[in-house]
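Student: Residues per chain are reported as follows:
There are 2 protein chains.
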Amino acid sequence: MAPPVSLDTINPKVLECEYAVRGEIVTLAQRLQDELKAKPGSQPFDEILYCNIGNPQSLGQQPIAFFREVLALCDHPSILDKSETQGLFSADAIERAWQILDQIPGRATGAYSHSQGVKGLRDTIAAGIEARDGFPANPNDIFLTDGASPAVHMMMQLLIRSQKDGMLCPIPQYPLYSASIALHGGSLVPYYLDEATGWGLEISELKKQLEDAKSKGITVRALVVINPGNPTGQVLAEDNQRAIVEFCKQEGLVLLADEVYQENVYVPEKKFHSFKKIARSMGYYGECGKRGGYMEVTGFSPEVREQIYKVASVNLCSNISGQILASLVMSPPKVGDESYESYSAEKDGILSSLARRAKTLEDAFNNLEGVTCNKAEGAMYLFPRIRLPQKAIKAAEAAKKAPDAFYCQRLLNATGVVVVPGSGFGQVPGTWHFRCTILPQEDKIPAIVSRLTEFHKSFMDEFRD
Amino acid sequence: MAPPVSLDTINPKVLECEYAVRGEIVTLAQRLQDELKAKPGSQPFDEILYCNIGNPQSLGQQPIAFFREVLALCDHPSILDKSETQGLFSADAIERAWQILDQIPGRATGAYSHSQGVKGLRDTIAAGIEARDGFPANPNDIFLTDGASPAVHMMMQLLIRSQKDGMLCPIPQYPLYSASIALHGGSLVPYYLDEATGWGLEISELKKQLEDAKSKGITVRALVVINPGNPTGQVLAEDNQRAIVEFCKQEGLVLLADEVYQENVYVPEKKFHSFKKIARSMGYYGECGKRGGYMEVTGFSPEVREQIYKVASVNLCSNISGQILASLVMSPPKVGDESYESYSAEKDGILSSLARRAKTLEDAFNNLEGVTCNKAEGAMYLFPRIRLPQKAIKAAEAAKKAPDAFYCQRLLNATGVVVVPGSGFGQVPGTWHFRCTILPQEDKIPAIVSRLTEFHKSFMDEFRD
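Line by line, the protein sequences give chains A and B.
Going by UniProt numbering, the residue at position 427 of the first sequence is 427; the numbering climbs one at a time, nothing skipped.
Going by UniProt numbering, the residue at position 229 of the second sequence is 229; the numbering climbs one at a time, nothing skipped.
With the rest of the complex left out, here is chain A:
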């Protein structure tokens, strides 16, 4: 008999879903890495550089020492009052670990917590939000999650009833949105960011796309805004944000504000402002693998909030180390604490180095023939546009690939640098881009720039019309 499960008999929504940052190009990169390991010297490069995903520690970024001290002490509290511990850990990390353990019922970091996360940790996060925004935050509106992804799934699950429910999403967007909308069976309603004005978000474009969706019988339920942008790296201006909030109010849309990169702003003229008043926001610090995060849910009725709580409950709770980390991010060492200076130095060191790397890569891209690249004001990405010769587009067609995917695959094969084709994020039809993280360590950037430049030149020489 036929196998019980085949591509013809699985959920078609799973088939439709795509997730470019872990797609075909990454599978190729993993294969090349295996070949390189088995046979050093078999490739024209010595190592694979994963610029496909915002994963700082995989490229050598060191974690903040204070965070890791506290995590280790919370995981193994029986050393807290041993004398050797004083020599190994900073005094404020020891104190913070005691505080956090006091907040956890039974001091049990291996126990399931409340479905929304440990109440004491949510208190700390609410206080951190309050300090950031100057508006009160309610710990009961906060849901601690295993990273941003489950929070996005939860909201899509809540809001999408059928294909007739639409979600306004930026194009380009981070593919978590297109993937989760597909998995939950809704419709992505695109609004295009304006590349010519530094990936500007125009209210007129939102209105146009909303009307267009309505005319097709789609009920738009929510507006997704990613700020700072991913993959586009722009930081929204405050008056633009106000207009967006007003638009959501008028049109009765839930505002899903993805603010995971709130700490990553690189240009002095731009500042991060949260969408908190009617938004949910999510925390972030480069500790991706710890799967920590929070979602603040405001403006919902108590009954709807109950339903969100129920969906969270079906997974029981998010991981406790991630919960602790989210509370540390929202309440780092303060002036006067033993760890304050080293913490500040580590943090400033990371952010200023990221700013330098962003600038160097941006300049390098802008120096390539036919390439233009907007500034990375925030987040961790550049999204350069490449104008490909007709001959390259024909060659891509012959290889049954999108032209940008064709370019990215050639780049990987020639240099070991992994970037993600723009088609995975969406782009204005007929334009081609790729997303490149700014995360390789600073001493590697010059080599990357020269490899990129050399590859691009020979690619253009090969395909120039």
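Quick caveat, the hints were computed from the structure, so don't treat them as lab data.
Source: prediction; values computed, not measured.
Hints may contain errors.
The list cannot tell twin chains apart, which means a pair is met if one copy fits it or any two copies do.
Derived EDC-like pairs: lysine to aspartate or glutamate, alpha-carbon spacing no greater than 16 Å straight-line [said to hold, decoys possible]:
hint : residue 1 : residue 2
1    : Lys-216   : Glu-462
2    : Lys-359   : Glu-47
3    : Lys-391   : Glu-462
4    : Lys-375   : Asp-194
5    : Lys-271   : Asp-239
6    : Lys-310   : Glu-16
7    : Lys-39    : Glu-263
8    : Lys-214   : Asp-81
Keeping the supplied structure of chain A fixed, place chain B upon it in accordance with the hints.
Tutor: Same frame as chain A, but now just chain B:
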């Protein structure tokens, strides 16, 4: 205008979903706990005892020291080569931490891993499965997940296309199954466990229910088996398991084997056998809050496996501490290792104490008027049946509650003991049960037994026909 989101406009699948172990009774327990904190002495008991959920550490179970030593060292590896560390940590924990860090690309525990989890940790788990079963396990078939819940969601998402797709589930069942089937829009096809034969799983019952579902136009896709049982605590016999596998083969069903309690077997005459040949299994050790777990997927075509990988990728990866813990559970200290004796003593101490607690509670339930309780052969639960007087059933009707929910609420209000009504798990219509964990610390059991006994007596006195 109307609020954009109301109970009328959210996804009806969310509304339909129920999750009893975190339902109304737990909300009441949390309120009573708050009242007790604000006003000590305000209740007829001093503390709330959460027997509603299998959460050992929240009730005082200590974690295995070796596991926590390794976790702490992996979280903060910069102390690994300090001299003070030798005094604080066992030598084999230090060695294991070095090994694990070597397996993690870039030694970065804060980096996203492969979507299925770190390859080296999957190698360790595959070797552990092989040692357990005597059959090879492929690390590429293993998906590391944030606990069992996301693994179950993934499979439901893959297999359910519409309400016409059915999942054979035991009744009583753990409500993760009914909840996730409801969220993904499928149909639960019940098969009843036979209470009279110690919650026996009869193939004839599977066949009957399968035919019944078919006659209603439902395509049954999979069979869920929980072994050891939850909430029922039985351990399946090997020949019964063989017949179940044969049934799945004949009927073309995916076998979803939930084996999270594989280490928890309390009776010498029963042994755990995994369903590994065509099954997926999930790991477990009482470290619930760490959200670690694995799913082994075998017998699927490479294309379908790819689709599972893609769904896993949309969440990028599970948390790294949980991944490390899953590898430790499947590869604990061995004879000769410094930690072996303390590890064995801790583990045996926990398991033999659980066996004693199970027996004491089982006897206590069987001594209550109108109550019968099967043996807990494994897992962490008892599921006693209560025969309620007609007057109690009438009183429950008047209070608009299921009779078992009415009983459980009265029990909580009188004693502070939280148990979950059987209606949350499913039961033969007209019968009433509740689920009680065997997890309160041993020194508290006598007091629980006398409180329960006293409550039950006065309840029966009040309502006796």
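Student: Would you list, in rising numerical order, the hints stated earlier that this structure does not obey?
Tutor: Violated: hints 1, 2, 7, 8.
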